[in-house]
Amino acid sequence: MRKLSRIRKQNNEMEKLLSCYNLQHYYIILRKLRALSLNEYHQEQIRQDILELICQAQNRGNTVNDTIGSDFEEFVASISDSVPRQTKSEECFINFSIFLTAAQYMLIFFTLWKIKNTGLTTITYNVINLLYFCGIVPFTTLKFIKYLIAQEWSVKAILSATVLSSLMMLPVIAIKVLNYDTLFIISSPTWLFIGLIFIVVWINWKIQKYIDTFYYTEL
Amino acid sequence: MLSSQMLKGVLEGAILKIISQHETYAYELSTLLQSYGFDDISEGTIYPMLLRLQANGYIRGENKNSTSGPKRKYYYITTSGRHYLIQFKEDWEKLKNAFEQLFTKE
Chain S
1 MRKLSRIRKQ NNEMEKLLSC YNLQHYYIIL RKLRALSLNE YHQEQIRQDI LELICQAQNR
61 GNTVNDTIGS DFEEFVASIS DSVPRQTKSE ECFINFSIFL TAAQYMLIFF TLWKIKNTGL
121 TTITYNVINL LYFCGIVPFT TLKFIKYLIA QEWSVKAILS ATVLSSLMML PVIAIKVLNY
181 DTLFIISSPT WLFIGLIFIV VWINWKIQKY IDTFYYTEL
Chain F
1001 MLSSQMLKGV LEGAILKIIS QHETYAYELS TLLQSYGFDD ISEGTIYPML LRLQANGYIR
1061 GENKNSTSGP KRKYYYITTS GRHYLIQFKE DWEKLKNAFE QLFTKE
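Quick note, the sequences are listed as chains S and F, same order.
According to my numbering, the first sequence is numbered sequentially starting from 1.
According to my numbering, the second sequence is numbered sequentially starting from 1001.
Among the hints, erroneous ones may be present.
Said to hold, decoys possible - Quick list of the computed label-pair ranges, beta carbon to beta carbon:
id	chain 1	residue 1	chain 2	residue 2	range
1	F	1082	S	205	22 to 30 Å
2	F	1095	S	92	40 to 48 Å
3	S	149	F	1028	28 to 36 Å
4	F	1035	S	202	56 to 64 Å
5	F	1066	S	88	37 to 45 Å
6	S	35	F	1028	51 to 59 Å
Rather than coming from a laboratory, the hints here were simulated on the basis of the structure.
Predicted model only: the values in this text are computed from it and were never measured.
Using N, Cα and C, we set each Cβ at its ideal position, and we do this for glycine too.
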């Protein structure tokens, strides 16, 4: 994952060099590239190559159309045919790591929030809220973002994701409204939460190292 | 202009041949190919082929600093790329002979 953030940072910097016209057209290519089932590191490598091609064309006084042509659909389709697709197991592994990253931050936030409200030594919390904040919310957010990228951020996709994510909150609201939330409130020592955070961070670190070595390889 | 379908099959071999002569980058490749008579070959046509050659292990890319602007990706042929090029040349000779025989019979 460190490899991924490094190359992404470099690409974000290179994007700033593009002229307004080239940037607009480059974004169309990028949206199509993101919709391909390639792993993110390979996507960033291709993004870097495309940015280099456009930047060099720009320096020669040419535009993105002179370099890549005007049929971006065809260009991205040929790229898709030329590189190895992401396997199902690879996708699951990487998604799990992204989920763990989101879950670990939610868990840290949840613990700090509860320490502030219920005390330093013992944390009193609602089990349903914990499951929602640290499990269901990161999981569904990840799923929705993937869906929006695959749909190239169309208005219809954004609307359906917004409606579905609002519906996700209904059970929590219903439990609160029906006054059943007291049934799920329990107390645990704070060290249990701190330990849990350390375990999640450690597992995630190991998984990220594995991904960097075996999946985020050079094209 | 050569038909794009016809071109696709042979362009990989042409790209590999140029890379086998010296390290090169996408824009230089497109101008060299044009100088050999491959009309209207942009980097957009070449790049997916370079990716395929790279994915098959026939070439490798390396980013190098450029005197003008951002880094440039230079491509180098690998040992398996050289083997593939020999095979490609043999296949091309067979195909060329077959076509010559076919068309001279007319």
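* Against the earlier hints, flag every one the structure doesn't satisfy and list their numbers going up. => 1 and 6
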